[in-house]
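Engineer: One-letter residues, chain by chain:
There are 2 protein chains.
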Amino acid sequence: MKKIEVIPLGGIGEFGMNCMGIRYDDEMIVVDAGMGFPEETPYGVDISIPNFDFLDDYRDNLTALVLTHGHEDHIGALPYFLKKFNLPVYTSRFTMALAEKKLDEHKMLGDVLLHRVEPNDIAEIGNFKVEFIHASHSLVDCFSLAIKTPLGTLIHTGDYKIDDTPVIGKPYDLKTLAKYGDEGVLAVLGDSTNATVEGRTPSEKAVIPAFEEIFEQTHGRIIVSTFSSSIHRLQIVFDMAYEFGRKLCVLGRSMQKNVEIADELGILRIPPDTLVDLGTSRQLADEDIVYIITGSQGENRAALWNMAASSYKGLEIKKGDTVVLSARIIPGNEKNISRLIGNLYKRGANIIEERRRLIHVSGHASQEDIKIMVETARPKFVVPIHGEYRMLFRHKEFIKNHIEGYTDENVILIENGDVLEFDEIGARVIEKHELNRTFIDEESLGEIEYDIIRERKKLAYGGAISLVVKIDKTKNQLVGEPQISYQGVAGIDLSNGFTEEARKSVAAAIMAMTPQEIADKHWLQENVRIHLKRFLQKETGTKPVIVTTIVEV
Amino acid sequence: MKKIEVIPLGGIGEFGMNCMGIRYDDEMIVVDAGMGFPEETPYGVDISIPNFDFLDDYRDNLTALVLTHGHEDHIGALPYFLKKFNLPVYTSRFTMALAEKKLDEHKMLGDVLLHRVEPNDIAEIGNFKVEFIHASHSLVDCFSLAIKTPLGTLIHTGDYKIDDTPVIGKPYDLKTLAKYGDEGVLAVLGDSTNATVEGRTPSEKAVIPAFEEIFEQTHGRIIVSTFSSSIHRLQIVFDMAYEFGRKLCVLGRSMQKNVEIADELGILRIPPDTLVDLGTSRQLADEDIVYIITGSQGENRAALWNMAASSYKGLEIKKGDTVVLSARIIPGNEKNISRLIGNLYKRGANIIEERRRLIHVSGHASQEDIKIMVETARPKFVVPIHGEYRMLFRHKEFIKNHIEGYTDENVILIENGDVLEFDEIGARVIEKHELNRTFIDEESLGEIEYDIIRERKKLAYGGAISLVVKIDKTKNQLVGEPQISYQGVAGIDLSNGFTEEARKSVAAAIMAMTPQEIADKHWLQENVRIHLKRFLQKETGTKPVIVTTIVEV
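For the protein sequence lines, the chains are A and B, in the order given.
Using this note's numbering, you'd call the opening residue of the first sequence number 1 and step up by one each time.
Using this note's numbering, you'd call the opening residue of the second sequence number 554 and step up by one each time.
These are computed hints drawn from the structure, not numbers from a lab.
Quick reminder that beta carbons are idealized off the backbone N, C-alpha and C, glycines included.
Covered stretches of chain A (in silico footprint by chain B; criterion: 3 or more residues with CB under 8 angstroms from a CB of chain B, positions within the stretch not fixed): (1) 380 to 391; (2) 442 to 448; (3) 466 to 475; (4) 483 to 496.
Using the sequences and the hints, build the whole thing.
Structural biologist: Here it is, written out as structure tokens:
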């Protein structure tokens, strides 16, 4: 009996790292290769990626990687994935342009096979027939996927909302979705990001009135900060600038990159005589310029932060500026954003926040969008994906309570590392695996295993001590005094003879050992470490990491 | 000409660490000694406190410490303050009970002079006459302070809201405030925590209807999590338990402590035959018990977290439980709370969140409360305190735009470490000081200076290397090979001979030095460190902390 297996490597129970293997018989495609935004940044890492080594067991099955859209939590791990599994990639033109930039940075562009697909193209990948369904989202050129197998069809929603009036492109393609609904859908794997939010998600166009008001009422400079990938939003700001006779200048590396790509592909319609460079922008009167800028999350190295705290390429926030924070607060960034706003106020700016005006809408399906999705596809099962557990559970709760025909059994909650099996009888999790994340240091582009992070956490918590012990290698006895150095160790007063006592204590411990014991250098090393550890704990209550070196003389 | 100086040591531009010196002539009182909740917890610290050493310059002036109320951000640093400056303390009976517990933990209860004051008591402290004005807040026994000096009166609001119907105690004492308003107030130093929030803050009683509904509709266990200091809220839950015939069990150390104190002082009215201990609670049917529990912020060691993730004293969250999260999310705790909720859902609990039901109200003045405060006291100046910059600025903005007679000049923004001077002419900041925070490791109760944290941050970021070099002390030349050990260092493959190359490189560097250079051990130590640092950076791109030990043989 043939089976479908759904194996999430990331994105379930967390924000980011979206990645999922879908296997039928001896073939497996992978949907998305996203990065995550770890809390471990103090430990010298920048991003996290799924532990792709888990797919080693399926190496011979892997046939293709399909990317639903170009957000970093869906394509950010692409180079790291392709380094391990060089599969052909299927995706939209905009996503492909972003992917190419990324692969170019890793100098691997020439080594990868990229297939560009259009909405309603069907890619035949072995036993899989994947149709790319146009999806509306905060980004452009996004797909839901209809993944047809001999056993049934899965709908992977990607990130989506049901937007009837997007700024760029067409509404969500419910017609194609309905076609699959009529044929019969085995399961919808559905975006849960906004499953806790009642009602419909507003259209991308919903922010236009507030922006019109702001442009109408503002006489000073307008500085709009949003996600660099929010192409609909950028279009609105470009249109407003044109309508109100302002020039527009783009600040921040990722913002410039995305505007350039979207312009080249003809997705963003830049009005004539509107875009100016930084130099030109500075010649203009305050009432004649609008800046679009990165840094809406209070990122410490982004253009807006620099403009608020010091200066960015000579630009500073000044009295009379109106700063529009046209983005939601991503959880975890609250404190940085509050600091950013404090700095903006200090410089005398007027600040327009999402909480007070409709200047941002989400790109994700709220409960009534989810209802449209499920009632159109009418799947046998729904599997909530993309979200923290709270959201996955509320996704399930909503469907059970508000959509006819769905019960506890039809809505299946899974976790990263689960193997969810579908067959003709039903669906069930048949295996569970613990998946560790992998961390990336973006400077070296190197992977950092969790063990290294664990060691760094210990160092952070208690500091480090280097203990050096000299041993006479023929007599196997202590020579001179042990040497101790500290880094980040608390509770030690270097002036009160504490180090001297610690030295003496270690020396006494070694002198109590037999030459046979000392001859075993590993034993010796471990035992002097433990001795010093106990001494420190007793005397100071601190628990530094102790690195012991035995020097033979 | 005599002057008043207002010198905030904490609480301005940040949440927590509220502490302020107020000086007239050669006398200074201090208002509050609060702790903060630092982001530096991964570096082995638990809380932060203001850098009280700054007050050393005023040591001979200091006359008293006045505590407005018992929240940790106002009294959490008390023992550390009193260790440095053993001043007499003035505060309310409930605050004093909390302070006594705290001082007892530090074994310094006998050494401190505590004055208990009642509302409308006036303490004459040298030239200062301090009247304690009853204030409504989420806690009980709170004060605003009228601080009368020969030059004029300052109103320090403490934390407050204008609650006309608190659950426990009287409404805010606007009458006394108005008396000072009539006499003339120089400045209001006003709580800014909710200055961004429109309207009035709802009364503590506002949550009763939602709690009534919950108790009415729930058949399983009810588990209410709130701040252990929210005595009004605890009273409501006790009353509900009694009304609906449930027994109540208190879980979590700080919750038990506060219930005990409030009960002893007769502040909390525990209904007859309602409070039960854990053992009794477990004998009861689910419909007959309500738990009040710590951990509403998703704290990893709190009772609720344990009950959700594993078990707390044998209690586990189970299907049918209703968990009421009756608290706001303190910024920075979003991720932990989301994880907590995920765990609660996994166990099958029904969760009632603040976002969806009126089960929590703030204890801080919203804009219309602020308006009442300012219009009653009618001060010459307002100085926003207690809050992040964003809140202080919005506080100023609101007063300027919505209260008659206040302009840019009347509302004064200050920062920690500023010296704000008032005299007969006006007010101005005359000095600015950079204040570092001090950190506390609660296990050892020891202070940790920022330098130690800085070292730990470096260790966290790149790991540590111990480099040991043997030098012949008579010939001043290298003996044998340098020894290298790693902790948390990335990018080093221990199997590929990298360490061997690093050793050789260091050895070559030393062999290129002259015996005169080597004879200077400090020079040698620093130079081999720099050499290895450069080698690592070139070969691996990593920047670990390198601890070098020179061993003389």
